[in-house]
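Okay, here's what each chain looks like letter by letter:
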Amino acid sequence: MTEIVQRRRIEVLVDAPLARRVVEVAKSVGIVGYTVLPTLEGEGTHGHWSDDQVSGALAKVLFLSVTSEPKAKAFMEAIEPLLESHGLVFLLSTVDVIRGKKF
Amino acid sequence: MNGIESLLSPVILFFVLGAAAAFARSDLAIPESIAKGMSLYLMAAIGLKGGKEIAELGFSTEILVAAFAGIVLSFILPLPAFFALRKFGRLDPLNAAACSAHYGSVSVVTFVAGMEVLSSAGMPPAGYMVAVLALMETPAIIVGLLLAKRTGGVTRTGGLFHETVLNGSVVLLLGSFMIGLVIGKDGFVPIAPVFELAFRGVLCLFLLDMGLVAARRLRDARALTWRVASLGVLLPIFNGTIGVLLGASIGLDVGTTVALGILAGSASYIAVPAVMRMALPQADPGLYLGLSLAVTFPFNIIFGITLYTFIATRIIGL
Chain D
208 MTEIVQRRRI EVLVDAPLAR RVVEVAKSVG IVGYTVLPTL EGEGTHGHWS
258 DDQVSGALAK VLFLSVTSEP KAKAFMEAIE PLLESHGLVF LLSTVDVIRG
308 KKF
Chain X
113 MNGIESLLSP VILFFVLGAA AAFARSDLAI PESIAKGMSL YLMAAIGLKG
163 GKEIAELGFS TEILVAAFAG IVLSFILPLP AFFALRKFGR LDPLNAAACS
213 AHYGSVSVVT FVAGMEVLSS AGMPPAGYMV AVLALMETPA IIVGLLLAKR
263 TGGVTRTGGL FHETVLNGSV VLLLGSFMIG LVIGKDGFVP IAPVFELAFR
313 GVLCLFLLDM GLVAARRLRD ARALTWRVAS LGVLLPIFNG TIGVLLGASI
363 GLDVGTTVAL GILAGSASYI AVPAVMRMAL PQADPGLYLG LSLAVTFPFN
413 IIFGITLYTF IATRIIGL
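One line per chain: the protein sequences are D and X, in this order. The first sequence runs 208 to 310 under the working numbering. The second sequence runs 113 to 430 under the working numbering.
One should not assume that every hint holds.
One side only, chain X facing chain D, incomplete, derived with CB under 8 angstroms [what the hints assert, rightly or not]:
1) A136
2) R137
3) A141
4) E144
5) R334
6) D365
7) A386
8) Q394
9) G398
10) L401
It should be emphasised that the hints constitute simulated quantities derived from the structure, not laboratory data. Backbone N, C-alpha and C fix where the C-beta goes; we use that ideal spot for every residue, glycine too.
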């Protein structure tokens with residue numbers, strides 16, 4: 208029978224030039240698996256934004272990772288000081304996964 | 113060349129079409145990957161052309177003098193811009209520093225459009241101005257970051273050198289310039305159908321996209337006050353005039369003098385915003401990108417190129 212376990216799913220919406228910083232924070236707390244996804248457009252408190260490959264400065268990407276509870280907590284504490292200064296949107300949720308050892 | 117002729121250039125008309133379509137909320141769009149491909153093509157083409165011309169004409173002290181003038185302009189121009197943005201624009205020091213770096217650096221597309229307009233008018237700038245363009249990308253970034261450092265706004269410096277010096281547009285411009293230099297006129301002939309014949313058509317389509325991008329950016333530019341937006345017009349006039357005066361004083365021909373004026377009057381919206389976003393995350397990207405891309409870039413394309421040409425022909429023609 209397939210074993211299902213719970214892990215923590217981290218999502219961070221970040222401006223493309225700053226994505227490297229989020230990846231560095233993730234690696235510093237031991238997170239090894241992640242995916243960076245492109246986005247198309249959206250709107251927030253600073254107005255409308257859209258993918259813009261000409262300048263690239265306002266293009267946003269979504270950092271996605273599924274990891275264990277302790278690593279997710281360590282990531283949250285490490286990323287918190289950057290949320291305001293770097294204009295990040297941080298989401299944390301619980302997901303069911305199979306092959307729990309991978310995360 | 114008079115102002116009307118310049119405004120009726122297909123390059124400018126396609127830009128106006130793009131802007132008008134965006135203001136009318138048309139669904140006209142050029143896929144981002146195609147726009148990116150066109151910008152790479154244009155940079156490779158002007159780099160090759162510049163290198164080929166140097167290979168034909170040889171090196172001269174004029175090239176060194178023009179390069180030095182370009183570097184000096186890029187170092188100096190952010191300073192009055194910073195002052196004006198602080199005092200007249202009423203920006204905080206961090207945002208003023210971030211914006212000022214854009215005004216010392218350069219816009220490749222404005223330069224390419226200017227080259228096209230000048231060549232059509234029989235005043236082609238010297239090929240080495242492509243190298244001057246590449247040299248002017250970086251110094252202003254350093255000055256902008258130093259100005260920001262005084263405010264404590266620089267949060268990190270790791271990766272900035274890589275991002276600044278090995279920026280994709282700088283690598284492609286200088287790389288294709290070197291290739292043009294190596295292959296010379298004979299080596300350029302077989303690839304000319306791609307890099308020369310198609311150039312104007314691709315430039316028109318790219319300017320169409322830039323018109324769409326600039327107008328949509330202006331619509332979304334909530335951060336721009338009337339004071340800051342007016343500096344988006346006044347700074348290029350001031351900087352462009354300084355560039356033209358400097359070009360004329362060092363003995364450049366009219367076309368090359370205008371090219372230096374265009375470089376001085378233009379504001380970066382490719383290399384600098386990405387570096388500023390990394391180095392100064394607290395600065396508002398909507399402000400500096402809105403100013404350079406939505407105000408200064410359209411001004412330069414529609415009026416600035418003609419204005420700098422007018423000033424240069426009056427000064428050098430005297």
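In rising order, the numbers of the hints this structure does not comply with | Failing hints, ascending: 1, 2, 3, 6.
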